[in-house]
Amino acid sequence: VSSLSISQSMLLVPSEHPTIQSAIDNSVNSDTIIVSPGTYVENINFNGKNIVLASEFLLNNDISYISSTIIDGNQNGSVVTLNNTDSTAEFVGMTVQNGSSSGGGGIRTGNTNGSKIRSIVVKNNTAANGGGVYGDGSPVFENVEIIYNVATSNYGSGIYFTGGSPKLNNCKISFNNGAGNGGGIAMFDSDPVLNNVLINNNSSDKGGGLLCEFNSAPVLRNVTIINNSASESGNSLYSRNDASIIVMNSIIFS
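For the sequence shown, the working numbering puts the final residue at 254, and the numbers step up evenly by one.
It cannot be assumed that every hint is accurate.
[Said to hold, decoys possible] Cross-link-like lysine-lysine pairs, in silico, DSSO-like; alpha carbons within 27 angstroms at most:
#1 K123 to K172
#2 K49 to K123
#3 K167 to K123
#4 K167 to K49
Calculated from the structure, these hints are not laboratory results.
Please model the entire structure based on the sequences and the hints provided.
Next up, the structure:
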């Protein structure tokens with residue numbers, strides 16, 4: 001059983017609400033929404049609500065629910081938008097795919113103060129910047145895979161952080177491509193902390209694995225950056241001199 005507590009009010013999709021967004025619209029802070037396995041073709045927005053949105057993975061930690069509970073954006077904007085939420089907001093145990101937007105094809109965050117994105121797969125999304133994830137604030141990513149996403153413009157095929165202090169714990173960023181800068185992760189004036197993160201097989205023009213610019217100050221602990229490629233410079237890592245990186249117990253190999 002998950003360590004997360006189930007709130008007094010639980011909303012069920014689709015047995016009580018036909019779509020995930022309708023359940024969100026009918027929820028209030030501290031509610032929990034449980035989504036049964038299936039593919040939900042929609043683009044959802046937490047609308048600033050501090051709720052828990054989860055697959056049945058939340059109830060029993062069965063990882064099969066992550067791949068069988070899918071939100072498909074149908075190439076119609078960011079699949080999941082999570083803005084103006086605090087540490088009680090959580091998004092748990094689903095696959096996010098087929099989004100297309102100017103920023104954050106899969107997930108877009110903003111002003112997220114400790115909100116958790118946990119046991120999520122973000123795959124096959126496209127955006128001008130931040131093919132998989134785009135945002136600021138301080139979201140916490142735990143056991144998240146960001147794979148096979150594409151950025152069609154300058155920054156972050158996998159992830160593009162434009163401010164804030166996000167945390168990535170036990171995450172995998174792999175096989176993302178297309179961005180001019182930062183195939184795996186691009187950082188712009190942000191201070192992320194990465195713990196036990198694998199960044200591999202991503203590609204871009206600069207910083208195939210990781211790109212740091214404009215006063216970014218990431219902390220890398222037990223991070224492995226390998227087998228990435230850049231057509232111009234920095235297969236694994238590209239950093240401007242206005243960035244400051246702390247690296248501990250990590251492997252960075254071109």
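Here is how each hint holds up against the structure:
no.: 1; hint: K123 to K172; verdict: 11 angstroms, holds
no.: 2; hint: K49 to K123; verdict: 25 angstroms, holds
no.: 3; hint: K167 to K123; verdict: 19 angstroms, holds
no.: 4; hint: K167 to K49; verdict: 21 angstroms, holds
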